[in-house]
Amino acid sequence: MNQFPLLSVITLLPLVGGLILLALPGARLQKWWALGVSLATFVISCLLFVWWKAGEAGMQFVERLPWVPQFNIQYYLGVDGLSLFLVLLTTFLTVLVILFSWEGVEQQLKPFLALLLLLETGMIGVFVALDLVLFYAFWELSLIPMYFLIGGWGDAHGTYNFLGRTLSWRVYAALKFFLYTFAGSALMLVAILVLYIRGGTFDLLALQQIGLAPNLQFWLFLAFGLAFAIKVPLFPFHTWLPDAHVEAPTAGSVILASVLLKMGTYGFVRFCLPLFPDASRQLGPWIAALAIVGILYGALVALVQKDVKSLVAYSSVAHLGFVMLGIFALNAQGVAGATLQMVNHGLSTGALFLMVGMLYNRRHTRLLADFGGLWKQIPIYGFLFLIVALSSAGLPGLNGFVGEFNILLGAFQMNRAYAVFGTLGIILAAWYLLVAVRQMLHGPLNKAENMAVRDLNVREIVTLAPIILLFFVIGLFPNLFFDKINPSAQAVVDALNRPQPIVSMAVDSER
Amino acid sequence: MLDYAWLMLLFPALGTLIISLFGTRLGKRAVSILAPAMVFLSFVVAVAAFVSLLGLPVDERSREVTLWRWMVVGNFSVDAALLLDQLSITMALAVTCVGFLIHVYSAGYMHDDERVPRYFAFLNLFILAMLTLVLANNYLLLFVGWEGVGLVSYLLIGFWFEKPAAADAGKKAFIVNRVGDFGLLLAIMFIWTGIGSLRFADVFALAPQVWPAGSAVVGAVTLLMLLASTGKSAQIPLYVWLPDAMEGPTPVSALIHAATMVTAGVYMIARSAVLFDLAPASGNWVAWVGVLTAFFAGTIALTQTDLKRILAYSTVSQLGFMFIAVGVGAYAAGIFHLVTHAFFKALLFLSAGSVMHALNGELDIRKMGNLRVKLPTTYWTFLVGAAALAGIPLFSGFFSKDAILFAAFEKQLPVWIIGVITAFITALYSFRMVFVTFWGQERDRRLFNHAHESPRVVTIPLIILAVGAVLTGYIGLPAISAIDGWLAPAFHPAGAAAETHSVALELILLVVSGLIALAGVFAAYQAYMVDPDLPKRVRASLGRVGRLVENKYYIDEIYDMFVVNPLRDLGGWLGGVFDRRGIDGAVNGLAGVTGWLGAQARRLQTGMVGLYALAMLFGAVALLAWLATR
Chain A
0 MNQFPLLSVI TLLPLVGGLI LLALPGARLQ KWWALGVSLA TFVISCLLFV
50 WWKAGEAGMQ FVERLPWVPQ FNIQYYLGVD GLSLFLVLLT TFLTVLVILF
100 SWEGVEQQLK PFLALLLLLE TGMIGVFVAL DLVLFYAFWE LSLIPMYFLI
150 GGWGDAHGTY NFLGRTLSWR VYAALKFFLY TFAGSALMLV AILVLYIRGG
200 TFDLLALQQI GLAPNLQFWL FLAFGLAFAI KVPLFPFHTW LPDAHVEAPT
250 AGSVILASVL LKMGTYGFVR FCLPLFPDAS RQLGPWIAAL AIVGILYGAL
300 VALVQKDVKS LVAYSSVAHL GFVMLGIFAL NAQGVAGATL QMVNHGLSTG
350 ALFLMVGMLY NRRHTRLLAD FGGLWKQIPI YGFLFLIVAL SSAGLPGLNG
400 FVGEFNILLG AFQMNRAYAV FGTLGIILAA WYLLVAVRQM LHGPLNKAEN
450 MAVRDLNVRE IVTLAPIILL FFVIGLFPNL FFDKINPSAQ AVVDALNRPQ
500 PIVSMAVDSE R
Chain B
0 MLDYAWLMLL FPALGTLIIS LFGTRLGKRA VSILAPAMVF LSFVVAVAAF
50 VSLLGLPVDE RSREVTLWRW MVVGNFSVDA ALLLDQLSIT MALAVTCVGF
100 LIHVYSAGYM HDDERVPRYF AFLNLFILAM LTLVLANNYL LLFVGWEGVG
150 LVSYLLIGFW FEKPAAADAG KKAFIVNRVG DFGLLLAIMF IWTGIGSLRF
200 ADVFALAPQV WPAGSAVVGA VTLLMLLAST GKSAQIPLYV WLPDAMEGPT
250 PVSALIHAAT MVTAGVYMIA RSAVLFDLAP ASGNWVAWVG VLTAFFAGTI
300 ALTQTDLKRI LAYSTVSQLG FMFIAVGVGA YAAGIFHLVT HAFFKALLFL
350 SAGSVMHALN GELDIRKMGN LRVKLPTTYW TFLVGAAALA GIPLFSGFFS
400 KDAILFAAFE KQLPVWIIGV ITAFITALYS FRMVFVTFWG QERDRRLFNH
450 AHESPRVVTI PLIILAVGAV LTGYIGLPAI SAIDGWLAPA FHPAGAAAET
500 HSVALELILL VVSGLIALAG VFAAYQAYMV DPDLPKRVRA SLGRVGRLVE
550 NKYYIDEIYD MFVVNPLRDL GGWLGGVFDR RGIDGAVNGL AGVTGWLGAQ
600 ARRLQTGMVG LYALAMLFGA VALLAWLATR
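First to last, the sequence lines map onto chains A and B.
Okay, so the first sequence: first residue is 0 according to numbering that gives the first Met the number 0, each after it adds one.
Okay, so the second sequence: first residue is 0 according to numbering that gives the first Met the number 0, each after it adds one.
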């Protein structure tokens, strides 16, 4: 349709930029180059929003080329309302993360930035790929840079006894992250191959039409679902997350929480729901129940954390529980709300990690007990932290509320009890976030180290300001986003409720 | 004019924005003028809207102004839109009028504080949130204001956040309020799934058709609203945050924790009159929660010695009276008491602030005495407020409390009996404050000698509020009640016939109320002026019961023991034991088994994860190749 391969440019620009970066000398030039590349990618990705065809449920900006014709593998890209804002979130946050890393990364800056850009390509690719092999390639591609970012640039100390071997915590965390995710994706690969055998294609949209036997759907759903559930993470697959988040450098935590986790939730909406509708309806209530366990679990554990970074990490488990609850409400409010909430969580939690990182750069500690009374010393920081915390707590008028409310409204229609427990999670969210505010910002300023802390500088304010502006835009004018999300979300829901075609054995026409 | 009602919201919004961005640069002086000015402009708009509403025929006195389409998702849609009718305008007038006076008072009271700009930014934000709450045309926008006022309350209770008690109190207020908000959110979901709209006009038109009177769903909706209201309006079982909220600056206690925010629950129940009429059982619950709260809080107020805390418990108790009113279906009486209470309680708090200011922050009434000599203006305004609170005839509280008790007498005799006893207690503690603080002998000579009357910027708002505390009573004179007729159409849009009262009965009860109040004052005079040992003897004769009351029935301790601590312990156990030993243990065990199995293939393992991934990809391609050539 479009002459200009917009999606390819957005996807590959960071990769190309990252490769060129490797040849550039000097930290200063490297930083400006990385910032320039990510900024260009973001600006170009905004064209998706500008040129968006309103009211359309299907794929836009489609690009389709044969890649490995022998196996019917295609280079097939497209975005719809479900993926549009995840792409924008990725390009947006990569800019901010590079801006954040302007100071603080003393060693190995060049590979650090290159990995970030490589990661960006992987993540965007996951959100725009419509061919399963292409998707899988991007999925794995995004895993590797993150592994190195955690293992190589993490900032925590201490060791862990892993099966008789002594590892440093951050290597343990990186390994745990890698093994968990990789174990999940191995099964997904098998499922992809089974789909190919059944459908003769890796084309996602074509595969949605073939109609699989419910029994097969069930197993394939589990294979895909495990990979996604680990990524989300859905309870009880979450224990890699606090370690990975806490050990990762700030930039890694931000990307991990804001974007990488969304690959899991996005996977459920993009793959599990349309490919396995019967299984989705059958397993939906169970997954929603796990999501609720995650909401309450994450919140209660967050409540007692002593390290603010792990508090934020556990809050992610709770927030992603909301997203999962919305998806498996299997109705328009739930799916659309969950889609918006993916973005909301990306912004709120991303901002929380950025702010925790800013404080860490100053104080080299993240223990709540080491702070106290900081609002007096660094009022701008205090003011912004409060807004970010409130956004994360789902205060009406800000972004989080719009997503959470629609999710709960969707859950309520499915099963009132789910909505009741989900709503309890909102109480707890206020509790653990206000505990953090109380410990960090309030109380007497009585520790000598805290009395010398500088307030945010201009670069840091510029990093946070666009996120905070978006909190208000989404909270007050969510229709700017729902306009584009709704048709696609509705299509997913409609497809779930449409009677499935009778399973046909002969689908080998392609081969 | 009604179409420009959004200006009411715009002014405080601008004030908040300007002050929070540029407040410190503008300086204290400019900010102390700007913030009250913004609220004054809102007040002017409210008055203009009121006048134009008066000019309309009765059945047209309900106008909606759509600002923008807020969100549309599937078949769910809700607007950012305002509803202007008799009820919302009455509330808006009270909020902006009292709000403006408290802003002016604050300019003087907070003068020496180092964070004046922040204070006024919060205060303007409060007006914005409260007006959103009362002017919203649907439940979801109401909820925005509802949480918004809770947020500002949190911020202002913890305004002096260096003080651990203040920071803790703010946090407690927000979380307890969220427990209530849980109820409101669920009620909203019930309403939408049942009716398909959240707009008040739709809900009230359709509810009687969709939900039969007394049906389970409407019962659930109204009880959830009651839960929400007990949070915001500090009733049993969620009142615990309000006494602690007195850690905030005194004008905040007056504005938010007495006059406006805490009345939000009463407003919401009155607004949902149609729903509560469909659920008579829920109405009973509301009335009983109200009267029990009124009684218990009244008894606690008798035992407290901190002037602001006495007023706080008194607020809880008076809100209980408003709950009685809306519970027995006397919505207009509830709103009437809400308005009179807004004036006289704001007056009492601000007068208490003036006392506190004069005594260098001292609030313990046991150290006061004879202050009428030193603080004549404050004494007279406090006396007017106390008289209104006690329900002395011809003061505003007398008329509004009587309207409530009369309605209770007709619907629920037991509620009336406890209500009358509580009215006696109210008069008793009101004049305990007057006598102990302003009469008798000075108890702390050093404090007394340093006491001085407050400046005019403080006393003039007091005088205006005192006038209001007397006059607002006369908009609701029995038998000719203006407020009743004005408000009634807002509660019963279908146009239910107004009930006819027996005027003779109403007058008899009026006399009874007056006598009860005077008896309370007399008892206070006996106990605190004539025979100062009497309270001690009473206390001694009460024994354990007395200690129970003095310790506020140990409610805070009970919540800590049964809710707060178990949840924290559970969180600690889940994160520490369950995650680390349970899940990680299982995963590590699995890894151990795998490692043992893989010992044979150890030479293939280079330990480089990237290589594994590559091998994986090759494997996949090989598998594909095999499939294709098969």
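Calculated directly from the structure, the hints in this document are not laboratory data.
Some hints could be false.
Unchecked claim - To give an idea of the chain A side of the interface with chain B (calculated C-beta under 7 Å), a few residues:
| id | residue |
| --- | --- |
| 1 | 208 |
| 2 | 235 |
| 3 | 238 |
| 4 | 303 |
| 5 | 305 |
| 6 | 331 |
| 7 | 412 |
| 8 | 413 |
| 9 | 418 |
| 10 | 429 |
All figures in this text were calculated on a predicted structure; none of them were measured in a lab.
Where a beta carbon is used, it is the ideal one built from N, C-alpha and C, also for glycine.
Residue hint residue 429(A), partner chain B, criterion CB-CB below 7 Å: Given a least distance of 5 Å, the restraint on residue 429(A) holds.
When the least beta-carbon distance from residue 413(A) to chain B is tested against 7 Å, hint result: Not OK, violated: residue 413(A) not within 7 Å of chain B, min 11 Å.
Per-residue hint verdict: residue 418(A), partner chain B, C-beta under 7 Å: holds, 6 Å
Chain B contact restraint on residue 238(A) - CB to CB distance below 7 Å: holds, 5 Å
Per-residue hint verdict: residue 331(A), partner chain B, C-beta under 7 Å: holds, 3 Å
Proposed interface contact between residue 235(A) and chain B, which counts if any beta carbon pair is under 7 Å: holds, 6 Å
Interface hint for residue 412(A), Cβ within 7 Å of any Cβ on chain B: holds, 6 Å
Evaluation of the interface hint that places residue 208(A) against chain B, nearest CB under 7 Å: violated, 21 Å
Interface restraint verdict for residue 305(A) against chain B (beta-carbon cut-off 7 Å): violated, 10 Å
Cut-off 7 Å, beta-carbon criterion: hint that residue 303(A) touches chain B: Given a least distance of 4 Å, the restraint on residue 303(A) holds.
Violated hints, listed in ascending order, are 1, 5, 8; each of the other numbered hints is respected by the structure.
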